[in-house]
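Can you join these two chains into the complex? Each is in its own frame, and there are hints to help.
Listed below are the residues making up each chain.
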Amino acid sequence: KAGVTQTPRYLIKTRGQQVTLSCSPISGHRSVSWYQQTPGQGLQFLFEYFSETQRNKGNFPGRFSGRQFSNSRSEMNVSTLELGDSALYLCASSEEGGNEKLFFGSGTQLSVL
Amino acid sequence: GQNIDQPTEMTATEGAIVQINCTYQTSGFNGLFWYQQHAGEAPTFLSYNVLDGLEEKGRFSSFLSRSKGYSYLLLKELQMKDSASYLCAPRGGGSYIPTFGRGTSLIVHP
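Order-wise, the sequence lines are chains A and B.
With our numbering, the residue at position 79 of the first sequence is 1163, and numbering never jumps.
With our numbering, the residue at position 32 of the second sequence is 91, and numbering never jumps.
Chain B extracted, bound-state conformation (with noise of 0.2 angstroms):
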């Protein structure tokens, strides 16, 4: 199995940057997903992390360590839309089957 570890909850203000991690145990990894999901609506897709380095997109970017088991999805200039739940899911075990951690919550305040 994996063993995936992201916090529960985060709070941030509109405007400021915020760096939401994720742990995770697997063997034969390929491959990291984060997806947003908005109270109510379907996950959607973020970004898709194989190699490591740091994969940026806009005002969303992430980061992943094969070597440390260690991801981070890093969101600037905050807007309030992007109060949500965040999922981190890597590959591994052989399967192109992901594995969601239980979502992090991120509340944007004004």
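Here chain A stands alone, though its shape is the one from the complex (with noise of 0.2 angstroms):
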């Protein structure tokens, strides 16, 4: 099977704009969750999606936003960016989400100028 992939690998946006990140989960899983990494705030929860509802959803202003679609595909827009916003935003996804190991993607570095 293929693994979790995600895109673009790398963006450049300046502030004020907005973007938005792909996330194809491996075949056969529905619950796909978004993290945020950085240096000095490790891996962060952003929200969880299962079956095309937002399940699960972490402490990040409305401006972090996502939604998941019929083939358990997901993405994750961010408006307005702010320099704080930049960072690896990682995708990973599990059969249930429920006591399962999660699969990570390799994620996209933002960064925002």
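Errors might be hidden in some of the hints.
Chain A regions said to be covered by chain B (calculated; three or more residues, Cβ under 8 angstroms) [to be verified]:
no.	region
1	1118-1131
2	1186-1197
Capping the alpha-carbon separation at 30 angstroms, the derived lysine-lysine pairs in BS3-like fashion look like this [claimed, not checked]:
no.	chain 1	residue 1	chain 2	residue 2
3	B	140	A	1085
4	A	1085	B	116
5	A	1097	A	1141
6	B	116	B	140
7	B	140	A	1141
8	A	1085	A	1185
9	A	1097	B	127
10	B	116	B	127
11	B	116	B	135
12	A	1185	B	116
13	A	1141	B	135
14	A	1085	A	1141
15	A	1185	B	140
16	A	1185	A	1141
Every beta carbon over 10 angstroms from chain A, so not counted as near; a handful from chain B, in silico [as the list claims (entries may be wrong)]:
no.	residue
17	76
18	77
19	78
20	88
21	100
22	101
23	113
24	117
25	118
26	125
27	129
Hints were generated in silico from the structure; no laboratory data involved.
We put the beta carbon where it would ideally sit given N, CA and C, even for glycine.
Here it is in structure tokens:
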């Protein structure tokens, strides 16, 4: 099976712009989670989607949003970008999102100038 | 929320044994994961503990003490390729979403 695929791998934006990141989970996985990783804060949970519904949400402002499609692919959007949004954004999938381990993609490195 | 404490960095010699400790504070504890992340790569699953005791998997073992809010990852016969960040991720608060620590950067010297 192919692993979790994230696109693009790198992205450079300026403050105030918006960005959309894409994640294709492992075939058959219905749960997709998004994380933000920075050197100072580590891996922080953004949200989780299951069967096209947001099931869990972390403590991030409303500028961060996401969605999941019927084929389980997911996108996350960040509007009105700030310098502090510069980070590695990781997507992870699992079959049901319960007690299972997560399979991570290689991430999208976002730089906001 | 959950407080997770693990050392920022550790160094060890090839062939040696290293123990990476993790302490956490959480209500409604529901298991603890360890993940490995090489620089520039995705985190990958190493182990999962939900009951007290030691889980052994090849060169890697993970221990859990729920009463002490403590876990460790034990790496034996260290190899250069073990140089990576090791992330402790307990679950609690009634959620199955793990909360990740900031990770321990392990540097293995020849």
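Evaluation of the provided hints:
1. Look at the region 1118-1131 of chain A against chain B: 6 of its residues bring a Cβ nearer than 8 angstroms to a Cβ of that chain, three or more, so the hint holds.
2. Counting residues of the region 1186-1197 of chain A whose CB lies closer than 8 angstroms to any CB of chain B gives 6, which reaches the minimum of 3, so the coverage claim holds.
3. A hinted pair counts as satisfied when its Cα atoms are at most 30 angstroms apart, and residue 140 (chain B) with residue 1085 (chain A) qualifies at roughly 25 angstroms.
4. Among the hinted pairs, residue 1085 (chain A) with residue 116 (chain B) is consistent with the structure: their alpha-carbon atoms are about 23 angstroms apart, no more than 30 angstroms.
5. Distance hint between residue 1097 (chain A) and residue 1141 (chain A) is fulfilled; the C-alpha atoms sit about 25 angstroms from each other, no more than 30 angstroms.
6. Of the pairs offered as hints, the one joining residue 116 (chain B) and residue 140 (chain B) holds, with about 17 angstroms between alpha carbons and a cut-off of 30 angstroms not exceeded.
7. For the proposed pair residue 140 (chain B) and residue 1141 (chain A), the alpha carbon gap of about 35 angstroms is over 30 angstroms, so the pair is violated.
8. With a C-alpha separation of about 16 angstroms, the suggested pairing of residue 1085 (chain A) with residue 1185 (chain A) holds against the 30 angstroms cut-off.
9. The hinted pair formed by residue 1097 (chain A) and residue 127 (chain B) fails the criterion: a straight-line CA distance of about 45 angstroms is larger than 30 angstroms.
10. Simply put, residue 116 (chain B) and residue 127 (chain B) have alpha-carbon atoms about 23 angstroms apart, close enough for the 30 angstroms limit, and the pair holds.
11. Pair hint residue 116 (chain B) plus residue 135 (chain B) holds up; C-alpha atoms about 11 angstroms apart against a cutoff of 30 angstroms.
12. Distance check on the hinted pair: residue 1185 (chain A) and residue 116 (chain B) sit about 15 angstroms apart at the alpha-carbon level, within 30 angstroms; holds.
13. Of the supplied pair hints, the one linking residue 1141 (chain A) and residue 135 (chain B) is violated, its CA atoms being roughly 37 angstroms apart against a limit of 30 angstroms.
14. Taken as a hint, the residue 1085 (chain A) and residue 1141 (chain A) pair is honoured in the structure, with Cα atoms around 28 angstroms apart against an allowance of 30 angstroms.
15. Pair hint residue 1185 (chain A) plus residue 140 (chain B) holds up; C-alpha atoms about 22 angstroms apart against a cutoff of 30 angstroms.
16. A distance of roughly 19 angstroms separates the Cα atoms of residue 1185 (chain A) and residue 1141 (chain A); the hinted pair therefore holds under the 30 angstroms criterion.
17. At roughly 25 angstroms, the least C-beta separation between residue 76 (chain B) and chain A is larger than 10 angstroms, which holds for a residue marked as non-interface.
18. Once the 10 angstroms rule is applied to beta carbons, residue 77 (chain B) is consistent with being away from chain A; the minimum gap is 20 angstroms.
19. Distance check for residue 78 (chain B) against chain A: the nearest CB is about 20 angstroms away, which clears 10 angstroms, and the non-interface claim stands.
20. No beta-carbon of chain A comes within 10 angstroms of the beta-carbon of residue 88 (chain B); the shortest separation is about 13 angstroms.
21. Consistency note on residue 100 (chain B): stated as away from chain A, yet its beta-carbon is not over 10 angstroms from all of that chain's, at 6 angstroms minimum.
22. Its closest Cβ contact with chain A, about 4 angstroms, brings residue 101 (chain B) to no more than 10 angstroms, contrary to its assignment away from the interface.
23. For residue 113 (chain B), the condition that its CB be more than 10 angstroms from all CB atoms of chain A holds, with the nearest at approximately 19 angstroms.
24. For residue 117 (chain B), the condition that its CB be more than 10 angstroms from all CB atoms of chain A holds, with the nearest at approximately 16 angstroms.
25. Even its closest Cβ contact with chain A, about 19 angstroms, leaves residue 118 (chain B) beyond 10 angstroms, as expected for a residue assigned away from the interface.
26. At roughly 16 angstroms, the least C-beta separation between residue 125 (chain B) and chain A is larger than 10 angstroms, which holds for a residue marked as non-interface.
27. Listed as outside the interface, residue 129 (chain B) is consistent with that label: its C-beta sits roughly 19 angstroms from the nearest C-beta of chain A, beyond the 10 angstroms cut-off.
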